[in-house]
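Protein chains in written order, with our numbering: chain A, 210 to 423; chain B, 18 to 278.
It is possible that some hints are incorrect.
Claimed, not checked - Covered, in the sense of this in silico footprint (three residues per stretch, anywhere, with C-beta under 8 Å from a C-beta of chain B), are these stretches of chain A:
1. 317-326
2. 329-343
What the hints assert, rightly or not - Straight-line Cα separation of at most 27 Å, DSS-like style, residue types lysine-lysine; simulated pairs:
3. B:Lys265 <-> A:Lys328
4. A:Lys328 <-> B:Lys88
5. A:Lys328 <-> B:Lys144
6. A:Lys225 <-> A:Lys212
7. B:Lys143 <-> B:Lys166
8. A:Lys328 <-> B:Lys166
9. B:Lys166 <-> B:Lys108
10. B:Lys214 <-> B:Lys160
11. B:Lys82 <-> A:Lys328
12. B:Lys45 <-> A:Lys328
13. B:Lys143 <-> B:Lys108
14. A:Lys328 <-> B:Lys160
15. B:Lys45 <-> A:Lys363
16. A:Lys420 <-> B:Lys108
17. B:Lys45 <-> B:Lys82
18. B:Lys144 <-> B:Lys88
19. B:Lys88 <-> B:Lys143
No lab work stands behind these hints, which were simulated from the structure alone.
Note that this is a predicted model, so its numbers are computed, not measured.
Every residue gets a Cβ at the ideal spot worked out from N, C-alpha and C, and that includes glycine.
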Amino acid sequence: MDKLTETVLSILAGSKVTLEIFIFTLAMSLPLGFFVALLRLSGIRPLAILMDVYIWIMRGSPLMLQLLFVYFALPMIGVRFSDIAAALLAFTLNYAAYFAEIFRAGIQSIPRGQYEAAKTLGLTYSQTMRRIILPQMIHRTLPPISNETINLVKDTSLIYILAMNDLLRVARTIVQRDFDMTAFFIAGAFYLVMTAVLTAIFKRMEAHYGKYDE
Amino acid sequence: MENTTNNAAYMLRVRDIHKSFQDNEVLKGISLDVCRGEVLSIIGPSGSGKSTLLRCLNRLETIDKGSIEVKGEFLVENDDSGCAAYAPTEKARALLGCMGMVFQQFNLFPHMTVLENLMEAPMQVKKQTREEIQPAAEELLRKVGLYEKRDAYPSRLSGGQQQRVAIARALAMRPDIMLFDEPTSALDPELTVEVLKTMRELAAEHMTMVVVTHEMTFARDVSNHVIFMADGVIVEQGRPSDLFGNPKEERTRMFLGNMVK
Chain A
210 MDKLTETVLS ILAGSKVTLE IFIFTLAMSL PLGFFVALLR LSGIRPLAIL
260 MDVYIWIMRG SPLMLQLLFV YFALPMIGVR FSDIAAALLA FTLNYAAYFA
310 EIFRAGIQSI PRGQYEAAKT LGLTYSQTMR RIILPQMIHR TLPPISNETI
360 NLVKDTSLIY ILAMNDLLRV ARTIVQRDFD MTAFFIAGAF YLVMTAVLTA
410 IFKRMEAHYG KYDE
Chain B
18 MENTTNNAAY MLRVRDIHKS FQDNEVLKGI SLDVCRGEVL SIIGPSGSGK
68 STLLRCLNRL ETIDKGSIEV KGEFLVENDD SGCAAYAPTE KARALLGCMG
118 MVFQQFNLFP HMTVLENLME APMQVKKQTR EEIQPAAEEL LRKVGLYEKR
168 DAYPSRLSGG QQQRVAIARA LAMRPDIMLF DEPTSALDPE LTVEVLKTMR
218 ELAAEHMTMV VVTHEMTFAR DVSNHVIFMA DGVIVEQGRP SDLFGNPKEE
268 RTRMFLGNMV K
């Protein structure tokens, strides 16, 4: 009994690391991704091409490799980060690329007529984006954003290679020490609870933003 | 020299405008005048350039050559090299603000209620408060017969109702000229009636209107002046009774003959 409590508490401590990575990555990659999408659609060719290359590299190579690169390769040229900063940098850059593509598709899916109606009513470009395009874009992109967000919860487990004690690494350490699988089940339950909470949050947001199309 | 007070009676003066998409010249020198309170209908086969002409009037398309005067001031005129040069941003904004537009596809904002659709531009563009604009917006909804739908989202409305909301939304900005781009073409026949009725009421209130339409009855009964366009030029124009009753050009006769059948 005591041992089970101890296991749960250790895993709980590991969850804190997992959640930190998750929350900070999300908070930084969503705005960054949106900014990248705007640059990608800016019509300024060099910028658009640069963003294409960035997205290609981030989506086209393993996240694991990107983590290793930030953590091991950059220090060789004198760029050094703390463990958590390295993890956040790699995760943010990677997820921003995925979010950028989702936002780009979302913005492009809004019919031209919406821009034209706004223009003939006298709205400026920034008013049109803020008041007309973005609210509709958020509604349309919530399902794929929800998908990526749930992926992020699970991808945080990759930081075990940076020797950070996240949820999964703590569980594995306990299993290897005690030859008892319980910790794996508990870890699994923790992930499931986190993703269930996220799913519920996104469902509510979809209902909120989708109240106009039935 | 033209007299400025004379010019002010013209809401729109369009002179020799040209517009090409790549190598395809869609407007080949169009000139027209619209006086205050006048209803101008533009008819013609699809591909004749009539919608493009309308979209050029409020700069949804930019013209290559020619001039457009709104209420006596140039929105665009030829520069020394003979290319169209638009007025500076602020002036252009003011002139474009004189025009409201109604689209074939309504283009209501789907994430806003009917009332919010009407109030959005006055609040954002004219910086009016909700309290200032709401009574006027509700009055416009009463006028188009949709006051009871003010809190509904556009997806809950029929096409005809959506188009009437779109008309009210454009009117909420208090335009001097209303442009209609085939306002009933996306509607089932039984729904066009209610939209045409709203437009007739507007005309009766002496709103200046430019209407691109396939509704020959509307063009004949409501407008003061009709333009028949084909292949980017004005083939024939005149009072509706003349153009419909006694068309001079073979091209016009053929078109009208096909429409009546």
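Original post:
Between Lys88 (chain B) and Lys143 (chain B), is the straight-line Cα distance small enough, at 27 Å or below?
Top reply: Since the Cα atoms of Lys88 (chain B) and Lys143 (chain B) sit roughly 20 Å apart, the hinted pair holds (cutoff 27 Å).
Original post:
Under the criterion that the straight-line Cα-Cα distance not exceed 27 Å, is the pair Lys144 (chain B), Lys88 (chain B) satisfied?
Top reply: At roughly 24 Å apart (the allowed maximum being 27 Å), Lys88 (chain B) and Lys144 (chain B) satisfy the hint.
Original post:
Are the Cα atoms of Lys265 (chain B) and Lys328 (chain A) separated by 27 Å or less?
Top reply: 39 Å, violated
Original post:
Given the proposed pairing of Lys143 (chain B) with Lys108 (chain B), does the C-alpha separation stay at or below 27 Å?
Top reply: The hint holds at about 15 Å.
Subject >> Agreement of Lys328 (chain A) and Lys166 (chain B) with the hint, judged by alpha carbon distance not exceeding 27 Å >> reply: Distance of about 25 Å is within 27 Å: holds.
Original post:
Does Lys45 (chain B) pair with Lys82 (chain B) here, judged by a C-alpha cut-off of 27 Å?
Top reply: It holds: about 10 Å lies between the C-alpha atoms, which stays within 27 Å.
Original post:
For the segment 317-326 of chain A, do at least 3 residues have a Cβ located nearer than 8 Å to some Cβ of chain B?
Top reply: holds (count 5)
Subject >> Hint consistency between Lys143 (chain B) and Lys166 (chain B) [alpha-carbon to alpha-carbon, up to 27 Å] >> reply: 25 Å, holds
Original post:
Going straight from one Cα to the other, do Lys166 (chain B) and Lys108 (chain B) come out at no more than 27 Å?
Top reply: 36 Å, violated
Subject >> Agreement of Lys45 (chain B) and Lys363 (chain A) with the hint, judged by alpha carbon distance not exceeding 27 Å >> reply: 62 Å, violated
Subject >> 27 Å Cα cutoff - pair Lys328 (chain A), Lys88 (chain B) >> reply: 20 Å, holds
Original post:
Are Lys420 (chain A) and Lys108 (chain B) close enough, with their CA atoms no more than 27 Å apart?
Top reply: Given that 27 Å is the threshold and the Cα spacing comes to 39 Å, the pair is violated.
Hint violations for this structure: numbers 3, 9, 15 and 16, all remaining hints satisfied.
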